[in-house]
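Add chain B with the ligands to chain A, keeping to what the hints say.
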Amino acid sequence: MAMTKKIPDTIKGANTFCPGCGHGVVVRLIAEALEELGHADDAICAVAVGCSCLVNVALGIDKIGCPHGRASACAAGIKRVRPGNLVFSYQGDGDSLSIGLAETVYSAQRNEKFTQIIVNNGVFGMTGGQASPCTLIGQKTTTTVDGRSVNMSGVPLDIMKMFGQIESVAYLARGSVHDAQNILNTKRYIKKAFEAQMAGAGFSCVEILSPCPTNWHMEPVDSMERIAGVVSAYYPIGEIVTGGGLNA
Amino acid sequence: MGKISLNTGYCKSCGLCIRACTRGALSISGKTNEKGYRVIAADDMKCVGCGLCYTVCPDYVFTIEDQTGSEWTV
Ligand SMILES: Cc1ncc(C[n+]2csc(CCOP(=O)(O)OP(=O)(O)O)c2C)c(N)n1
Ligand code: SF4
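Same order as they appear, the protein sequences are chains A and B.
Going letter by letter, the first sequence gives residues 544 to 791 in the working numbering.
Going letter by letter, the second sequence gives residues 1082 to 1155 in the working numbering.
Be aware that a few hints might be false.
[Unchecked claim] Calculated pairs, DSBU-like style, for lysine-lysine (alpha carbon to alpha carbon, straight line, at most 30 Å): (1) A:555 - B:1112; (2) B:1112 - A:734; (3) B:1116 - A:734.
[What the hints assert, rightly or not] Derived coverage of chain A by chain B (criterion: at least 3 residues anywhere in the stretch with Cβ under 8 Å from a Cβ of chain B; other residues may be distant): (4) 548-562; (5) 566-580; (6) 723-730; (7) 756-764.
[As the list claims (entries may be wrong)] Label-pair ranges, simulated between beta-carbon atoms: (8) A:653 - B:1105: 48 to 58 Å; (9) B:1104 - A:765: 16 to 26 Å; (10) B:1125 - A:765: 22 to 32 Å; (11) A:623 - B:1126: 48 to 58 Å; (12) B:1114 - A:623: 38 to 48 Å.
Quick caveat, the hints were computed from the structure, so don't treat them as lab data.
Note that the coordinates shown come from a computational prediction; the quantities given were computed from them, not determined experimentally.
Where is the CB? At the ideal position from N, CA and C, for every residue including glycine.
Extracted from the complex, chain A is given alone in its bound form (with noise of 0.2 Å):
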């Protein structure tokens, strides 16, 4: 058992993400998985477009960058060429679930065996701040200026109860990044995850509750609060599908 905890060799330097964003931890976690799984060399990851894809200044690995909303659909066919690799995607929930939702939902229901990393903020991080599918309702943002309503907008978008019912996706997982016990949960949400592909078993897609303290206009401390609050009591964290697909 490791007797140090120091920062994975993988990761390169400081990360440009604000102070407080959950997307420095996501990274590395990612950083970490890999090296414990001996795959940090082989790993190719699909970078999405929004502040996810800052992950391209601190993880050191092959990446490639994607069309807004098409990294699921990069990494799908990524993996079909090369599939000894590892390939993940790295999308915020504005890119997978809103312009590129039907990327996501095909790459669960064509089994494309890659996995997918959801770093779910509940808005456009980058863009500064407007509405995602997952804002939650009465959320203030930039184009929800009284607060989300289920009358102009709808319910937000739970996609790992979409996945949950397509009956060949092999691992689904939600996590947080919100306190040191989630985001250890987390760290083993996505190793399972990438284990699950590499066995050839189908889709896997772990999605992180993620704060946006920026754009949230909240302290960091705060924000995190706020996912532990609100945010995690409408989407449950927690391990949804294990153990499924082909090798089920």
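Frame of chain A; chain B with the ligands shown alone:
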């Protein structure tokens, strides 16, 4: 016990480590880094080397060396 070291050049003063530390070993110091953030400082006497700060830090600031013998590891 574990020895904590900090790369304060990466710190953005978010305060999440202070929230996580159960020993009150971390605080915002009076020092400012190159990016202009007031950086974290650790009190070696209070730190038990558990690694909670490492776990929650979004900015790769912390290293905990030699956790051997610490009852409190994450
Ligand atoms: C085709 C296209 N439409 C719109 C944009 C503008 N745009 C850039 S990032 C983004 C949203 C990103 O939000 P999300 O995926 O939630 O990521 P976050 O920034 O929150 O990590 C949008 C709409 C674009 N770059 N390309
Ligand atoms: S705008 Fe939000 S999502 Fe983007 S880096 Fe800042 S805190 Fe993170």
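Evaluated hints:
Taken as a hint, the residue 555 of chain A and residue 1112 of chain B pair is honoured in the structure, with Cα atoms around 25 Å apart against an allowance of 30 Å. Restraint check for residue 1112 of chain B and residue 734 of chain A: the C-alpha separation of about 38 Å exceeds 30 Å, so the hint is violated. Taking the CA atoms of residue 1116 of chain B and residue 734 of chain A, the gap is near 34 Å; set against the 30 Å cutoff, the hint is violated. Given a C-beta distance limit of less than 8 Å, the hint that chain B covers the segment 548-562 of chain A holds, as 9 residues qualify and 3 suffice.
Counting residues of the segment 566-580 of chain A whose beta carbon lies closer than 8 Å to any beta carbon of chain B gives 4, which reaches the threshold of three, so the coverage claim holds. Only when three residues or more bring their CB closer than 8 Å to a CB of chain B does the claim for the segment 723-730 of chain A stand; here the count is 3, and the claim holds. With 4 residues having a Cβ less than 8 Å from any Cβ of chain B, the segment 756-764 of chain A passes the three-residue criterion, so the hint holds. Between residue 653 of chain A and residue 1105 of chain B the C-beta distance comes to about 52 Å, which sits within the given range of 48 to 58 Å.
About 22 Å separates the C-beta atoms of residue 1104 of chain B and residue 765 of chain A, a value consistent with the hinted range of 16 to 26 Å. Taken as a hint, the range 22 to 32 Å holds for the pair residue 1125 of chain B and residue 765 of chain A, whose Cβ atoms sit roughly 29 Å apart. A C-beta distance of roughly 56 Å is found between residue 623 of chain A and residue 1126 of chain B, which places it inside the suggested range of 48 to 58 Å. A beta carbon spacing of about 45 Å between residue 1114 of chain B and residue 623 of chain A agrees with the range 38 to 48 Å that was offered as a hint.
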